[in-house]
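> So the protein lines, in turn, are chains X and R.
In terms of this note's numbering, the first sequence is residues 35 to 395.
In terms of this note's numbering, the second sequence is residues 34 to 426.
It should be emphasised that the hints constitute simulated quantities derived from the structure, not laboratory data.
For glycine and all other residues, C-beta sits at the position ideal for the given N, C-alpha and C.
Certain hints may be false.
From the structure, some residues in chain X lie toward chain R, with a derived Cβ separation under 8 Å [stated by the list, open to error]:
(1) S45
(2) P162
(3) L195
(4) V198
(5) L209
Far from chain R, by Cβ distances over 12 Å, these chain X residues were calculated [unchecked claim]:
(6) E66
(7) P74
(8) G86
(9) H98
(10) V133
(11) S197
(12) F202
(13) D247
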Amino acid sequence: MIPAVYFDGCSSRATPVSLWREEGTLRWRTPERSHEWSAPLDSVEPSARVAGVPFVLRLADGGHLQVDHDLLPADWFPRHHRLEQLVDWLERRWIAALVGVVVVVASLLGLFEYGLPWAADRIAAHMPQALETSMGKQSLAALEGRILLPTRLGPDRQSHLQSVFWHFVNGVPGLPAVRLRFYLAPAIGANAFALPDGTIVFTDALARAVPDDQAFIAVIAHELGHQAGHHMMRQVLRSSGVFIVAGMLMGDVTSLGGMSASIPVFLVDSHYTRRFEQDADDFAFRALASQGIDPVAFVHAMQALEKAHPELQGAKGLRYISSHPLDEERIARANAASRAFRAAQGGSGVAGAGDAGATQE
Amino acid sequence: MHDETMASGVYLPEMDAAPARYASRARHLEFAGNAKDYFRIWIVNVALSLVTLGIYSAWATVRTRRYMYSSTTLADTPFEYLARPLPILKGRLLTAFIFALYALAGHISKPLQLGAALLVGAFMPWMIVKSLMFRARYSSWRGLRFYFTNDYGGAYQWYLLVYLLLGIPMILVVVLAAGGHPTMGLLIAFAAFTGIYPWIKGNQQQWMIEHHHFGGKSFRFKGNIGNYYGVYLKAVAVSLAWFVPTALLLGLIIAGIAKGHAQPFNPKTPPLTFVAIVYACMAPTYLGVWTYAQVRMTNMLYNQARLGLYSFSSTLAYWPMLGLYLTNALAIVCSIGLAIPWARIRLARYRAAHLAIVGDGDLSDFVRDAFAHGEVGATGTEMDSLLGIDIGL
């Protein structure tokens, strides 16, 4: 006999009882034996086992018996809640908790490093072209007139750069429909970026900062890398995915609210952006080399950018936070690409320019 | 502090058999959970949820909530959480789908996202009702369930339409500014705002209390909407008390940084350290003010509610709660989340210890109510846990 508390389901009166089992029948009675009840064992629905939580044996008539956690014999209801019995077995073990920590860390890393990007890219591949076009139009419409003002570049300079652009683009295979637009944009300074509809936005300040056509083409090649890889669409899907997953995790794991959730979302997002920037760089090096342009032009473009943005120089060392890979790292990679290019050209003795650029820092 | 008694000594039996008379006393909720057990339960369930790509998360939610509910006891009887995992899973999937659409809509077209936001806003009161119904329907004590009446009209009135009244101060500002009295306009708008907002909050609590039922009895609101003005006036004072020193401190720090830096400060691309400092200063202020409103409003909610012969006594105090929230937040950040179970247990223990049910009876005078206890879908409650709607229960 085990002590239990009986509730008849009709009132909140608690009746202390003694509970025992006779074959297929559950019986319980008050201590003074004034009342006795019984129910067939297979009509009773026990609650699943949770550490420290009393068992609730639900009866068919709406009543229930409450039995202390440690007192219910294990053989009364062996067939119920098999899955939760296993979970409960795990929950009692510190070793399982330790493994749990490792599993959580590993699966979060796996999820954000591989799972989510993979799923987002699969979806991106099936998105209609029209969606990308409308996304690009949407962003451009939002920026035009506020951040992007009509260009002040002379018509000669514009048509020269446009012809350099088209000459280069026609030689690069595998590109979606692209176009180049110049804007005066004092708010963002010397800058260039790609929009999902194939537009490449190039600011006047950057057009003035690039030292020569080859450096200009290096910047263009990088943006074409974004276009060829459909990075904008993929980034949108990935960051939406991170937003959803983080929201669901936070909703369940903590309830600290939006601010704490936005920090990991921001970190993961910039991690993806960094990866895309690297991809675009690699694409640029290959595209430049394939058209006989030394990737060292990329180094020159980077140096011009740094000169145009002196405030960025203080932001080194924040590797995970910066959306672009560190400038030195990019320059080093460009120089490596340049050396490979020159080796492939079979040229010798022209190793001067690129290395000089690298040691300037 | 804990020996509050019913003011009225008159005892009106509501049951056929009048129970024996007990001395009017306060029964405190007790929380028996401990962080060690809860940590193991939590981490195993989070791990399983992740490994199963979220499918198991519904079972995980049920297990962890059952632990928290059942560790809370009133008069030696634990509360019970009765929700089933499958409806929760369904609600969760639907919620994820809706939010995926919403997040994408923002990148494709702003009007589309605005439309979606308006739609979600229009459904908010409906979700609040559904969520309250879900919580009540699947919470029980001594085999009796709580119940929340599905008063959608009231929800739309008190959680959507009344907010339109807040438009009146805005219009006043515009009109008076156009008439050449901008300061006057601001003052009147502030007065109108302080006049309307506490009234809204008070009525929301009244609505929420009066639609809850338990054990054949309805919760009643025995308070005064006027009390809420006191709460919010003090909240304004508290926020000033927090904001002024914070602003001074922030000013000093920024001045210090500006001196240390040779290059001119560029407001368009503020250095990250600066952003971090602003957050570090603003977070405690925000928490300080939020905690004050939270503590006072929770006390108001319980202290003005009656259930049958019983009243409630909620004695949450500001500084201990603030301390709890602050140390919890710090511990969670420093442990990258591993301290979450510990933080939840501490909070639950404090909250339980400061909530009591006061009355003459022995709590056995509740009976099964006549309400039809149909199943309630979980989408509403899943939506509000993702949106973080603060219902305040």
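> Regarding the hint that L195 of chain X lies at the interface with chain R, is the smallest CB-CB distance below 8 Å?
27 Å, violated
> Closer than 8 Å between Cβ atoms is the bar; does P162 of chain X clear it against chain R? Give me holds or violated.
11 Å, violated
> Per the stated criterion, does the least C-beta distance between V133 of chain X and chain R lie above 12 Å, as a non-interface residue requires?
8 Å, violated
> Taking 12 Å as the cut and beta carbons as the points, is H98 of chain X off the interface with chain R?
5 Å, violated
> Let's test the interface hint: is any C-beta of chain R closer than 8 Å to that of S45 of chain X?
It holds, given that the least Cβ distance between S45 of chain X and chain R is near 5 Å, below 8 Å.
> F202 of chain X clear of chain R by more than 12 Å, beta carbon to beta carbon?
29 Å, holds
> Over 12 Å to the closest beta carbon of chain R is the bar; see if P74 of chain X clears it.
19 Å, holds
> Minimum Cβ separation between E66 of chain X and chain R greater than 12 Å?
Its Cβ never comes within 12 Å of chain R, the nearest being 17 Å, so this holds.
> How about L209 of chain X: closest beta carbon in chain R under 8 Å, or not?
For L209 of chain X, the interface hint is violated, since the closest Cβ of chain R sits about 22 Å away, which is over 8 Å.
> Quick check on V198 of chain X please, does its C-beta sit within 8 Å of some C-beta on chain R?
30 Å, violated
> According to the definition I'm using, a residue is off the interface if its beta carbon is farther than 12 Å from all beta carbons of the partner; does S197 of chain X meet that for chain R?
S197 of chain X clear of chain R: closest Cβ-Cβ about 33 Å, beyond 12 Å.
> For D247 of chain X, is the shortest CB-to-CB distance to chain R above 12 Å, so the non-interface label stands?
The assertion about D247 of chain X holds, with a minimum of 29 Å to chain R.
The structure fails to meet hints 2, 3, 4, 5, 8, 9 and 10 from the earlier list, while all remaining hints are met.
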